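Protein chains in written order, with the working numbering: chain U, 110 to 489; chain V, 110 to 489; chain R, 1046 to 1444; chain G, 1046 to 1444.
Read the hints as simulated data drawn from the structure, not as lab findings.
Just so you know, these numbers come straight off a predicted model, no measurement behind them.
Incorrect hints may appear among the rest.
Claimed, not checked - Below, in silico cross-link-like pairs of lysine-lysine (DSBU-like), each with a Cα-Cα straight-line distance of 35 Å or less:
1. G:K1285 x V:K376
2. V:K289 x V:K325
3. U:K376 x V:K376
4. R:K1188 x R:K1087
5. G:K1188 x V:K376
6. R:K1285 x R:K1157
7. U:K376 x R:K1285
8. V:K289 x V:K216
9. U:K289 x U:K216
10. R:K1074 x R:K1157
11. R:K1188 x U:K376
12. G:K1285 x G:K1188
13. G:K1087 x G:K1188
14. R:K1285 x R:K1087
15. G:K1157 x G:K1285
Claimed, not checked - Take a look, some chain G residues computed to stay more than 12 Å from chain R by CB distance:
16. D1060
17. F1064
18. A1114
19. I1432
Built from N, CA and C at the ideal position, the CB exists for glycine as well.
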Amino acid sequence: MDFSLTEEQRLLQESVQRFVQDSYSFEQRRAIMAQPDGFSRDTWAQFAEMGWLALPFDEADGGLGGGPVDTLVMLEALGEGLVVEPLMATVLLAGRALACGGDDAQKAEWLTPLLEGRLLAALAAHERRGRHAPGWVETRAARVGEHWRLDGEKSAVLHGDCADLVLVSARTAGSPEEPKGISLFAVPADSDGLSRQRWQTIDGLSACELTLAAVKLPPEALVGEQDAGLGLIEAVLDEAAAAQCAEAVGAMVALTRITADYLRQRKQFGQPLAAFQVLQHRLADMFMDTERSRSLAVMAALQARAGDVVTRQRAVSAAKVQAGRSGRFVGQQAVQLHGGIGISDELSVGHYFKRLTALDARLGSADWHLARFAAQPASG
Amino acid sequence: MDFSLTEEQRLLQESVQRFVQDSYSFEQRRAIMAQPDGFSRDTWAQFAEMGWLALPFDEADGGLGGGPVDTLVMLEALGEGLVVEPLMATVLLAGRALACGGDDAQKAEWLTPLLEGRLLAALAAHERRGRHAPGWVETRAARVGEHWRLDGEKSAVLHGDCADLVLVSARTAGSPEEPKGISLFAVPADSDGLSRQRWQTIDGLSACELTLAAVKLPPEALVGEQDAGLGLIEAVLDEAAAAQCAEAVGAMVALTRITADYLRQRKQFGQPLAAFQVLQHRLADMFMDTERSRSLAVMAALQARAGDVVTRQRAVSAAKVQAGRSGRFVGQQAVQLHGGIGISDELSVGHYFKRLTALDARLGSADWHLARFAAQPASG
Amino acid sequence: MDLQFSAEERAFQQDVREFLASELTPELKRAVSLTPTVFVEKDIADEWHARLNRRGWLAPLWPRQYGGAEWTPVQQFIYESEAARAGAPTTIPMGVRMVAPVIIRFGNEAQKAYYLPRILSGEDTWCQGYSEPGSGSDLASLKTRAEPDGEDYRVTGTKLWTTHAHYANRIFCLVRTSSEGRPQAGISFLLIDMDSPGISVTPIRSLSGDHEVNQVFFDSVRVPQANRVGDEGQGWTCAKFLLEHERGGVFSHRLMAMVQELRRLMVDTPEGESALIEDPRWRERLAALEVRVLSLEVTEMRVLSRLRAGDPPGAESSMLKIEWSELQQALTELAMDIAGPYAQFFEPGRPLYALAGHTLGDERLARIPPDYLNTRAATIFAGTNEIQRNIIARMVLGA
Amino acid sequence: MDLQFSAEERAFQQDVREFLASELTPELKRAVSLTPTVFVEKDIADEWHARLNRRGWLAPLWPRQYGGAEWTPVQQFIYESEAARAGAPTTIPMGVRMVAPVIIRFGNEAQKAYYLPRILSGEDTWCQGYSEPGSGSDLASLKTRAEPDGEDYRVTGTKLWTTHAHYANRIFCLVRTSSEGRPQAGISFLLIDMDSPGISVTPIRSLSGDHEVNQVFFDSVRVPQANRVGDEGQGWTCAKFLLEHERGGVFSHRLMAMVQELRRLMVDTPEGESALIEDPRWRERLAALEVRVLSLEVTEMRVLSRLRAGDPPGAESSMLKIEWSELQQALTELAMDIAGPYAQFFEPGRPLYALAGHTLGDERLARIPPDYLNTRAATIFAGTNEIQRNIIARMVLGA
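Here chain U stands alone, though its shape is the one from the complex:
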């Protein structure tokens, strides 16, 4: 039992922290967001160069062989920077799905350029009626001769608008709610019949509603086993959710520190705000909520690739519940303690708040994960 970082992890942490400090200040971020894609292709190239895109992949696949704890370290540090690059969509969702489900040819075609920063990808695993549940799939994939034909609509596909490749879950058998009969397909974004309605997120990312109308795919588009795609998708979503919890912790740590600084500096009624006991306790609660979230993010990272599905789901759902609840509280209180300027677009506070708000809406909300957790058999 050990909760310390390895030397390598400490180096990774320092390098990401340094990057955020040097290249991702609040002002630099503004400039990045003003670029046409809403993020910086240069920064993306930097990520690739520093090996961050390759971090969570096996060495055999061209990765650095990192595990979820390494991802935790990276994401917590990036969380302080409020990065807008498509790391979650490309690396942790689509990339991991290719790594876990793809065959050698698929990896060579898509994963290799992805790790090198030459291919952006996304995972379209959700639909409107399913809300947060990847198990509800109405989109259908039918055999037409050798080929596949996909029809349907996927919702809220993170960075699906700028992805070169979208991994789409579709039903090859069964009715919309059945766990069996779901398969995963690699769909090039320029496929005929694929259309995307781009939208922005409140925290500076983009997403799309994806429509598939008679999209024709070759047999090699099937990623993983036919009809058994849900297990793969859930495993990928869980590992990504664990990473996202670490990102949330990074944002909470930053917000708590920024708020403490503000309380020390800002004076009202002749004394610093930090002198008011009610505000002190609010800050203490922010700290505790951050630590609660951190503890479960660590647990989620440690179990994110657990062989036992129940163990993995319990750990990830617990972490996501806490990240959602803590993120909401910490974000709201940081704004409240800043008073008026907390609500303006000028300060970073509001942007951390928006990031934390958006994170809860992605990869399953606190509500949804609580329900999943409660539906699990009891532990010990």
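Given chain U's structure and the hints, the job is docking chains V, R and G onto it.
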């Protein structure tokens, strides 16, 4: 639209407040509770004399013609005294059931002595599997010739242990969960086959588990219409619940005042506790929770006899939800702000806390009423 | 106690319903339902004000001699209830409810004669210059100074969070005319023309991307001393009067309209084969808030009832502020959870009611995130909820 | 980072499991499950202490030379985890974990030689004399004074909330030996025989009717100066040492055992044709608390891990206190809701495990209300949670 009390209501309020002040101090209450019944028969006689037992009944029935607002005034004032006499069980539950459901002969036999303080009564409307819901009735009443034969078990019958007469809901048709087929019977406590297991409540009252084994009753024991008893029972329970909300408000008002006094007097670290902002805000929240509860208790009283069942249930359930939530918060915080001595049996604080805790468990908890409220059709 | 309205009140209720039925156009209703800011935009406000003014209801609390309606508290309650239920715009308060009562109470005849009709007609649009960068909850520490210069003042300083300054042609300001004595004693109340040389307005965008508030800069702005309301140094008295004047309030009906809106949203939000409204967990979350809104409704009625009886409302006015703001936040938070994955959706176009075509099909989803984000301000403005709890505690402690 | 135990740790875990399997009798388990107070009664405690002592595990943290086990933090964690899961009694801390570490650190050889073996053997039962009527959170303001009288002190004053004083034959006290200088500087640490003339014990019944704490009165009680631990005036240092010594802590396993107990209760509580556990609302209420308990478990492991690395735990020890106490309260509150109408049930007989026959059939229901009521103390004792939040805020603010 008017929220002021009538002159008569103000006089009632003053007389109850005076009684509590003069005859129901914390020490006097201790002595009363030490009596064999756990309450004072003398006090009961006083209640009768002052007309409080007759308050909520029609003049035609020998009552004073008061309505739920009069009851609200009386109960809020009694709430400050933490009275232990069986007013709720005898007057507001059994008495009102007889008044609303009984025929002239039944009223003459039971309601008249009840109003005069000569008969104690209780309402046995709940069963173990039904929890807070009076609509779950397994106890069966079968015709045996002219007579009725009752078999079954009723749970948590408030003051059922000392009642001379118990009104028992039993199923004359249908299965346990059906709203139709429930009837109400007046069962003398000395009936053969009736047995009672007495227990104490945390707030100084008593109750019993009631077993009916082949209890034989004459035809006149049926109170109200056969098979249609649930409507009557729910109406009575709602009116009693509204009154109980007023009692809870009285206890909260007292607790908030006592706690404010304590914070002013008690010194720590060289200043009165009242100087600490966190404790100030806690007190403000206690005040607000009390007022929230008061507002809905008033609304419940105004609608407690509403002709429209949905209107009545919405108002009463809203009040009971708030009384439960507020009562819990105010009670817990009063204890917390008193520190160690708040937990001792010596001070009244803990006894108000216990009363508020017990009130939530009676006549439907906050949980149960929230579910009932949420199941109602929407308002306006 | 009773809940019944008198015959006259029922007749008034009928009048209000008829007015709303004829004057509240579908366009106005839609604009309200797609407004994520505290106040509606100027075009909507102007149209609604004009319709109210034609009916004589724009200034419900002014004396009749100035064109007011002199409603009783119960009439206000009835109007607010019906307007909320119907989804009518709220009136913009800075003119009618803020500067006007001060002018009526402390202004001279010339000021009354000039300004009041222009508020009713819509010729003047006002904004409020109270807060400053250094003075948040501690208003009396304000620094914007007005120095005598002949018959004028020269005003220098800056005001923050000035709602609708970008629309207003006039601003009423608290300014420092003296630094002697208690900070409160040196404050005066000035009416300033926004066209005056030396005034500049910088927009402050909220974290939702909305532009509702501004910073206003005064660089040696010449303001006639005749534009001072009341005596020099009486500004704090004016501000306090306004605060007391605003006591009581009818917020619950708007909140109840939000409850109903969320219920409709839950009906229209599918989950698998079903809809959220079918799930007791969602229904109970809404019910828990509805209970609190009902409680607030009665508390408001109790306060109104006491005001009508001439009693001061006491700490209840702080309680109303806390209740209203925290419930609004809780309701927008529930809306976010209902929106699910679309809680992260951001529609940058403004105003929302002017956009054609909606990415997500359901245009209501475009309002939910900015509404949630903007509503965080509710517990900060008009006296933070921390300050309000201080006030309540002082009252409960009898200090 | 990893969650695995080493081979040695796994072997230790096996030892603990075997010990519990053989030594934890059904009677002891039942007594624990029917104990609504903080500590088990003396008869249960004595039996369990004796069994632990025979195994050499009564004093896990003492140095081996005094009969301790010198467990590592991970071993503690393993023992607590297994003991909680099995439903074993907790040890009573006043002797083993409170006075003993102070004697070991500050006592002289005579004191160590005399007192430590008597704690292990059970000959001595200790209680703690810290709090006083006038000094709650402000411990340094204590007034009980010890005045020199030849080779003795004369101790006069009173101690409040003295757990198990009615069972103890010894009490360790903070007393005032000087009123010069800072209040902290005049405090000394005394070991007092409860049989000494002039000591009297008055029971304090809690609002649940339980008798666990007392007030102890000292009327010119003669105590040899040789019974002072450390120097005169070193009492505050001893108290602070003890506080630091107690840092970290393993509470989560007991809380998880409560979670499991509530789950069983929900399985066994019918509602109509079904049981509470079938209802997602009940399951999710429990799940929300279980998530928090899991979080606390990891936080505890992180603190232990840091302690092992020699780092100070920082504000996390205040956080552990807050988490543990507030979760315990939340769990007992949920138990009350599960009990439903029986949440009002009061069983006056004590101890509950000695009662034959239970009014409600299910004997677990007798524990729920007193448990809820008594647990209100958790946020008050050992430093109120308000004080703990002050400490955390100070750390976060870097002040």
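Taking each numbered hint in turn, which are not upheld by the structure, reported in ascending numerical order? Hint check: nothing fails, all pass.
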